[in-house]
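Number of protein chains: 2
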Amino acid sequence: MTNHKKTIKIGLFGFGTVGRGLYQLLQRVPEANLVLSRVCVRDVARHQAEAPELIFTTDPLEVLDDPDIDLIVELIDDADAAYRIVTESLRRQLPVVTGNKKMLAHHLPELIKLQQEMQTALLYDASACGSIPVIRNLEEYYDNDLQISVKGILNGSSNFILSKIFNEGMSHAEALRLARELGFLESDPTLDLDGWDSLFKLVILALHAFGVYVNPERVFTYGITHMNDSDILFAREKERRIKLIGLAEKTPDGRLVMGVMPHLISRNKYIYSCEDEFNGVVIKGLFYGKQFLVGRGAGGHPTSSAVLSDISAIRYDYFYRYKRMHSQGGLPEFSNDLSFRVYVRYNTEADLELLKFEDITERYISEETRYVVGRVNLATLHAIRNELAERKIFIAAYPAD
Amino acid sequence: MTNHKKTIKIGLFGFGTVGRGLYQLLQRVPEANLVLSRVCVRDVARHQAEAPELIFTTDPLEVLDDPDIDLIVELIDDADAAYRIVTESLRRQLPVVTGNKKMLAHHLPELIKLQQEMQTALLYDASACGSIPVIRNLEEYYDNDLQISVKGILNGSSNFILSKIFNEGMSHAEALRLARELGFLESDPTLDLDGWDSLFKLVILALHAFGVYVNPERVFTYGITHMNDSDILFAREKERRIKLIGLAEKTPDGRLVMGVMPHLISRNKYIYSCEDEFNGVVIKGLFYGKQFLVGRGAGGHPTSSAVLSDISAIRYDYFYRYKRMHSQGGLPEFSNDLSFRVYVRYNTEADLELLKFEDITERYISEETRYVVGRVNLATLHAIRNELAERKIFIAAYPAD
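Chains as they are written, first to last, in our numbering: chain A, 20 to 420; chain U, 20 to 420.
Bound-form chain A, shown alone (with noise of 0.2 Å):
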């Protein structure tokens, strides 16, 4: 792809939000160069009539083996379909742009030997907090600093939800609602509230900042949806928002954590005053301090534009190097041993003995509600994920600071 004059021709996959995005970003910058060549979707005739002049088909083989398709972009919900079409196009040597999280936090070992056996690349900026290209500036331009922490809001439908409790005082109830209007919920809203979004793109940015994959499965996950106006009145007491974070971070001796997990953020926390469906990034490294980047990470524009920069990319020869994963220093190893304070509401008195609490430095009994804020480890957190969500116990990391 080394004439950039050339008209390249897309194969895509899916003409949902983002799918439709793009196409309505390539009608706009029709100096981009970029034709849509095929688009396989379920159902042709209810998409025939949204774009007249595409070209439809329900059958992948359509568009994978179409010897004029230059590269090909995968655009669809189902994780293992996705799954199918990027390793179909890769072994057909086609680069594939995707924004399918889900399926790259699950099977980014094998996609990244993939890449290297077919000299073919996959990129994927579009998957992680939508517009802000966070992948690319940690592969890019962070790589050489020692990286500490990867911390932010990652999810923008629940964000969203908070932002209307914290700001507009809307009650948990409202703010679901009026997010489920706009459509910004995914169509298993858990994915959103429980924290799985953030989880999938939180492994992504792990493996560009430290280098290292971790199994999905391995990382405590916890989302909102056990929140209630309590806990939402004690944020207030504390003047701190509730915000739903996802962490990867490099402790003193080396090891890496990471959660996802509601965390109790103080007003002088760049994060604080991020709101709506806006994702952000503070990103750590020893040398150049603290870097935050703020962008939309929902909706089909914002998401379509981050999938138009990976297209163009591939058009000038970029792929992902993975550099940290080669880092001649080592790599550090996951643990999920690590003490930290919480703020917990739970119901029962045999709620608190699950969570192993090491000390407890506040309590609050009324009628009403119970809670604690004390130190537990991320270990026992992560072994009793289930219970905790049974038991419908609600649990925020909250820092002194």
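There's no promise every hint is true.
[Claimed, not checked] No more than 30 Å apart at the CA atoms, straight line, and that leaves these computed lysine-lysine pairs for DSS-like: (1) U/Lys303 with A/Lys309; (2) A/Lys132 with U/Lys257; (3) A/Lys257 with U/Lys303; (4) A/Lys288 with U/Lys309; (5) A/Lys303 with U/Lys288; (6) U/Lys257 with U/Lys411; (7) U/Lys303 with A/Lys25; (8) U/Lys303 with U/Lys132.
Just so you know, these hints were derived from the structure itself, not from any lab.
Following the hints, position chain U against chain A.
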């Protein structure tokens, strides 16, 4: 430089804050395989004591003509000398990394031509916004979208002073003294305080964002030197903060307007919370919407980290393609014809006449102070810039929201 494991030998010019920062950074990341082979400075004896194992020289040719050297890093203050070093390096097909914004802002067209002629890369992400990879992102990531604006706090020192005033209640004079004590001001503080440093960065950013080179002399530039306590009071009353902002923006009719001046920033803007020596840049595009990047904009380590990123990029054969300059959609024309709302504190009624207000919507006169709020034209301000300064008038953009 396709052998990425090979040790790269660097010829360094300058051993000030950033040069020393780079030296320290390289000691911490030995796996980067980068060696400072020769360092050209004015005072060898002084620096030899700081870094006994380095080879210092006062003769530029000892560095430039050393056949072992793979690339040049130029980190000196003097813009004219820097220009000679950079052009001499490129003519020898030695890639160069520089942080000299003044030199770049005045010579970019020649330097772009020379890079192309000699097929040799010149990278300079450290020149704008310290550790924030803003040039790289404009060049590589936001290059396909329809760019609307680049706006931000581009100078860490003046922002540090403004933060101390607005957050810690220091007087202007106290804040200035502290900034000087901490070494945050350039040797010539008017570079920071009068907006020239921001201007140079803005010229560089505008070239990468819009593909247009604008001579710094054509851009209205006004700083915070004449700000006084009544301006601070005015900002507080309106619940705003004064920030020194560089702005390049495409008007709806397709022209490019640019300016550096104080802005009264309201609480709902990201830039409002960008404090201390941090820089913050908001980049807007039609599809991705709004991106906000924050990072340290001053100091040896953050800036040397950016220099290291550029060195590493050269190792991977990266070069700026200046894609926007070759945009098929045509380039916007630079213009100062823009009417906008300002706050102006003045001394005599003759001051006011100079500004040729289109309208005045607020007017205050007391024994202590006089100000107006109203609309002026940017072209008028540009024409009377020096008179504004001589008359010690303070002026700040005062947008509606």
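Hints and how they fare:
no., hint, in the structure
1, U/Lys303 with A/Lys309, "22 Å, holds"
2, A/Lys132 with U/Lys257, "58 Å, violated"
3, A/Lys257 with U/Lys303, "35 Å, violated"
4, A/Lys288 with U/Lys309, "20 Å, holds"
5, A/Lys303 with U/Lys288, "23 Å, holds"
6, U/Lys257 with U/Lys411, "23 Å, holds"
7, U/Lys303 with A/Lys25, "28 Å, holds"
8, U/Lys303 with U/Lys132, "28 Å, holds"
When the structure is compared with the earlier hints, violations turn up for hints 2, 3 and for no others.
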